[in-house]
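Please take these sequences and the hints and turn them into a complete structure.
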Amino acid sequence: MLRLGRKIVSPIGRIATQSKFQIRNKSDEKVRGHVIGIDLGTTNSCVAVMEGATPRVLENAEGLRTTPSVVAFSKDGERLVGTPAKRQAVTNPENTFYATKRLIGRRFEDPEVKKEMQSVAFKIVKASNGDAWVESMGKMYSPSQIGAFVLTKMKETAESYLNTPIKNAVITVPAYFNDSQRQATKDAGQIAGLNVLRVINEPTAAALAYGLDNKKDLVVAVYDLGGGTFDISILEMQAGVFEVRSTNGDTFLGGEDFDNAILKHLVAEFKKQTGCDVSKDPQAMQRLREAAEKAKCELSSGLQTDINLPYLTVDASGPKHMNYKLTRSQLEAIVGPYIKRTIEPCMKAIKDAKVNKGEINEILLVGGMTRMPKVQQTVQEVFGKAASKSVNPDEAVAMGAAIQGAVLAGNVSDVLLLDVTPLSLGIETLGGVFTKLISRNTTIPTRKGQIFSTAADGQTQVQISVFQGEREMAKDNKMLGQFTLMGIMPAPRGVPKIEVTFDIDANGIVNVSAKDQATGKEQQIAIQSSGGLSKDDIENMVKESEKYAEKDKKRRELIEEINKGESILHDTETKMEEFKDQLPKDEYEKLKEGITKIREKLSAIDRENDTIDSIKPMVDEFQKDSLKLFEMAYKKMQSARESGQSSEQQSSEQQSSDEKKDETKQ
Numbered sequence: 001m002l003r004l005g006r007k008i009v010s011p012i013g014r015i016a017t018q019s020k021f022q023i024r025n026k027s028d029e030k031v032r033g034h035v036i037g038i039d040l041g042t043t044n045s046c047v048a049v050m051e052g053a054t055p056r057v058l059e060n061a062e063g064l065r066t067t068p069s070v071v072a073f074s075k076d077g078e079r080l081v082g083t084p085a086k087r088q089a090v091t092n093p094e095n096t097f098y099a100t101k102r103l104i105g106r107r108f109e110d111p112e113v114k115k116e117m118q119s120v121a122f123k124i125v126k127a128s129n130g131d132a133w134v135e136s137m138g139k140m141y142s143p144s145q146i147g148a149f150v151l152t153k154m155k156e157t158a159e160s161y162l163n164t165p166i167k168n169a170v171i172t173v174p175a176y177f178n179d180s181q182r183q184a185t186k187d188a189g190q191i192a193g194l195n196v197l198r199v200i201n202e203p204t205a206a207a208l209a210y211g212l213d214n215k216k217d218l219v220v221a222v223y224d225l226g227g228g229t230f231d232i233s234i235l236e237m238q239a240g241v242f243e244v245r246s247t248n249g250d251t252f253l254g255g256e257d258f259d260n261a262i263l264k265h266l267v268a269e270f271k272k273q274t275g276c277d278v279s280k281d282p283q284a285m286q287r288l289r290e291a292a293e294k295a296k297c298e299l300s301s302g303l304q305t306d307i308n309l310p311y312l313t314v315d316a317s318g319p320k321h322m323n324y325k326l327t328r329s330q331l332e333a334i335v336g337p338y339i340k341r342t343i344e345p346c347m348k349a350i351k352d353a354k355v356n357k358g359e360i361n362e363i364l365l366v367g368g369m370t371r372m373p374k375v376q377q378t379v380q381e382v383f384g385k386a387a388s389k390s391v392n393p394d395e396a397v398a399m400g401a402a403i404q405g406a407v408l409a410g411n412v413s414d415v416l417l418l419d420v421t422p423l424s425l426g427i428e429t430l431g432g433v434f435t436k437l438i439s440r441n442t443t444i445p446t447r448k449g450q451i452f453s454t455a456a457d458g459q460t461q462v463q464i465s466v467f468q469g470e471r472e473m474a475k476d477n478k479m480l481g482q483f484t485l486m487g488i489m490p491a492p493r494g495v496p497k498i499e500v501t502f503d504i505d506a507n508g509i510v511n512v513s514a515k516d517q518a519t520g521k522e523q524q525i526a527i528q529s530s531g532g533l534s535k536d537d538i539e540n541m542v543k544e545s546e547k548y549a550e551k552d553k554k555r556r557e558l559i560e561e562i563n564k565g566e567s568i569l570h571d572t573e574t575k576m577e578e579f580k581d582q583l584p585k586d587e588y589e590k591l592k593e594g595i596t597k598i599r600e601k602l603s604a605i606d607r608e609n610d611t612i613d614s615i616k617p618m619v620d621e622f623q624k625d626s627l628k629l630f631e632m633a634y635k636k637m638q639s640a641r642e643s644g645q646s647s648e649q650q651s652s653e654q655q656s657s658d659e660k661k662d663e664t665k666q
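The sequence shown lines up with residues 1 to 666 when you count with UniProt numbering.
To be clear, the hints were calculated from the coordinates, so they are not data collected in a lab.
Nothing here was measured: the structure is a model prediction, and the numbers come from that model.
Each residue gets a CB set at the ideal place from its N, CA and C atoms; glycine is no exception.
Worth double-checking, as some hints may not be accurate.
[Claimed, not checked] List of simulated lysine-lysine pairs, DSS-like, C-alpha gap at most 25 Å:
no. : residue 1 : residue 2
1   : Lys-590   : Lys-575
2   : Lys-475   : Lys-115
3   : Lys-126   : Lys-215
4   : Lys-272   : Lys-294
5   : Lys-624   : Lys-580
6   : Lys-601   : Lys-139
7   : Lys-543   : Lys-564
8   : Lys-547   : Lys-167
9   : Lys-215   : Lys-86
10  : Lys-280   : Lys-123
11  : Lys-543   : Lys-351
12  : Lys-592   : Lys-628
13  : Lys-592   : Lys-624
14  : Lys-114   : Lys-475
15  : Lys-478   : Lys-126
16  : Lys-75    : Lys-543
17  : Lys-580   : Lys-628
18  : Lys-271   : Lys-320
19  : Lys-325   : Lys-348
20  : Lys-543   : Lys-590
21  : Lys-575   : Lys-628
22  : Lys-543   : Lys-186
23  : Lys-294   : Lys-86
[Claimed, not checked] Taking CB as the label site, the calculated pair distances span:
no. : residue 1 : residue 2 : range
24  : Gln-330   : Asp-571   : 51 to 57 Å
25  : Lys-167   : Ile-451   : 41 to 47 Å
26  : Gly-494   : Pro-165   : 54 to 60 Å
Structure representation (structure tokens):
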């Protein structure tokens, strides 16, 4: 166990100050190609890219600017992402994963995980490394993998719009995410085949989107209440410099909690109405969950909404339907405790930023839950003024990430982002005490060191246990990892001088080193908690993701060919009727046989295992033959038409000639 010695003040202190200004130089590193900004949200995700000096949010294949962060595996093994996955959730709740961002970087034993297990239909299981993973049809997936499937969809959306492969991305995370959660998010990007240039905080990204064209000096509060997390950040904006003064929040508070509370209320009401308890029926619960989410959204603009769910369940007396009116005041009473939980972090952030409420010029609302009138009212009560509605709550974060991407690529200059570490970092010392080396709200990147010594005579090695949090005892904080420094010269306790240095990069990810000053021996690690994904895990998941991508590509090609075949059959049948009189009877019958044959082939296709080669030659050959026939029929019809026109012309000329002869006789 280490014993606290004297603090290093210099030169480490100077390094921390200097690193604050080294971020601007980061943009000098040449980044090739487009850099996309991705808001990987709990409920919805969004992707943006810079077009000139303006960020643009991109529409996905379904034509929507946001994509549900939902991944599903169908019974035949097909992977669905986004809207298609969400649509089939009612019929396949056990294999439909949503809100898995709440599990990212978490241990299976965490109380938040136990709570989440009670409110989802899918299985949350313990991985071999102790992390919380999910399971579908006997196969386990890490939350980073599920996140990677969503990121792949975002990547494909950008590639479709830009018509070029995309490699580089800036991904956002909740400001209050710890090191494990940040690292797991970066892993998700890597699994998706992205080079994650930077992981930035969501409130900071929103402030970037708001302040890019704003030249005023402002103090801004960003209140970010999304689907799974809550963040509050106070920033100072001055001449293109965005400096975060403080941040606070709750990584397990958001719209999912609101939905769960409404769901619980609806289950109780249905039981009261019918005597049926549907809490153990996954399909009924999924229908109620979707109704709860829909009602929550509708009550942001309306005062009352009707929840009508026919045939929700069946008992001995017959089918049971749900018909229920939910008012806005009822909703506010149901979710009120969760809204109140956002107040204390706001007060702490204001205090840590060392500003008065009156000095805050603007309050920005980010995250879908800020559309709720009660949330807006609470924000006004906390800050003493109404919030600005100048940013889109669903899109601002992705836009800010795209701006940061352009800064890193050197395409946007005069923007400097100075973010902070949300939680204190330190090590366990004698007696289990948590000794902080870097306090929360310290500007990053930063580096800080401190001298420690041994706790026993003749000690030749020390174990460094790294923690993150604000509690006084190490065990009450989040352990990030541990390592051992060996080869210390035997000496009386307190004599060896061991320098422990913490390094936090611009992503908020931690590196720690320990050095024995007498021997010069040093041990250094990039923190990876006892859980988390190993390098091999990530490589295997990247390969699996690539395999899925190849499989998805082949499936898409096959489906497109099936659609093409069906379209050709439809067009052929239409043309057959049009040219029926011009087609030889035997050719007409031959076409009919060909249509029947191809239709049977298309209906027998195994979309999971067959490839495009199984039908493409047949479809192409049929198309070629039918086109030849119709071309011949068209020429025949054209010839007949021209012949008819020629006869009419001759007849007309003859008539005109006869008329002239008659006139001459008269």
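Here is how each hint holds up against the structure:
1. Between the alpha carbons of Lys-590 and Lys-575 the distance comes to roughly 14 Å, so the proposed pair stays at or under 25 Å and holds.
2. Between Lys-475 and Lys-115 the alpha-carbon distance is near 21 Å, which keeps this suggested pair within the 25 Å criterion.
3. Between Lys-126 and Lys-215, the direct Cα distance comes to roughly 50 Å. Violation of the 25 Å bound is thereby established for this hinted pair.
4. With a C-alpha separation of about 22 Å, the suggested pairing of Lys-272 with Lys-294 holds against the 25 Å cut-off.
5. Our distance criterion of 25 Å between C-alpha atoms is met by Lys-624 and Lys-580, whose separation comes to about 18 Å.
6. Our distance criterion of 25 Å between C-alpha atoms is broken by Lys-601 and Lys-139, whose separation comes to about 33 Å.
7. With a C-alpha separation of about 31 Å, the suggested pair Lys-543 and Lys-564 falls outside the 25 Å cut-off, and the hint is violated.
8. Of the supplied pair hints, the one linking Lys-547 and Lys-167 holds, its CA atoms being roughly 18 Å apart against a limit of 25 Å.
9. The straight-line distance between the Cα atoms of Lys-215 and Lys-86 is roughly 42 Å, outside the 25 Å bound, and the hint therefore fails.
10. With a C-alpha separation of about 14 Å, the suggested pair Lys-280 and Lys-123 falls inside the 25 Å cut-off, and the hint holds.
11. Distance check on the hinted pair: Lys-543 and Lys-351 sit about 47 Å apart at the alpha-carbon level, beyond 25 Å; violated.
12. At roughly 15 Å between alpha-carbon atoms, Lys-592 and Lys-628 fall within 25 Å of each other, so this suggested pair holds.
13. With a C-alpha separation of about 15 Å, the suggested pair Lys-592 and Lys-624 falls inside the 25 Å cut-off, and the hint holds.
14. With a C-alpha separation of about 20 Å, the suggested pairing of Lys-114 with Lys-475 holds against the 25 Å cut-off.
15. Only pairs whose Cα atoms come within 25 Å are accepted, and Lys-478 paired with Lys-126 is accepted, the gap being roughly 18 Å.
16. About 23 Å separates the Cα atoms of Lys-75 and Lys-543, which keeps this hinted pair within 25 Å; it holds.
17. Proposed proximity of Lys-580 and Lys-628 is supported: the alpha carbons are some 15 Å apart, at most 25 Å.
18. Proposed proximity of Lys-271 and Lys-320 is supported: the alpha carbons are some 11 Å apart, at most 25 Å.
19. For a cut-off of 25 Å, the pair hint linking Lys-325 to Lys-348 is broken: about 38 Å separates their Cα positions.
20. At roughly 48 Å between alpha-carbon atoms, Lys-543 and Lys-590 are farther apart than 25 Å, so this suggested pair is violated.
21. For the proposed pair Lys-575 and Lys-628, the alpha carbon gap of about 12 Å is at most 25 Å, so the pair holds.
22. A threshold of 25 Å between alpha carbons decides the hint, and for Lys-543 with Lys-186 the separation of about 17 Å falls inside it, so the pair holds.
23. Restraint check for Lys-294 and Lys-86: satisfied, since their Cα atoms lie roughly 13 Å apart, inside the 25 Å limit.
24. Take Gln-330 and Asp-571: their Cβ atoms lie about 55 Å apart, and the range 51 to 57 Å holds.
25. Against the hinted window of 41 to 47 Å, the Cβ-Cβ separation of Lys-167 and Ile-451 comes to about 43 Å, which satisfies the hint.
26. Remark: the range hint 54 to 60 Å for Gly-494 to Pro-165 is upheld by a beta-carbon distance near 58 Å.
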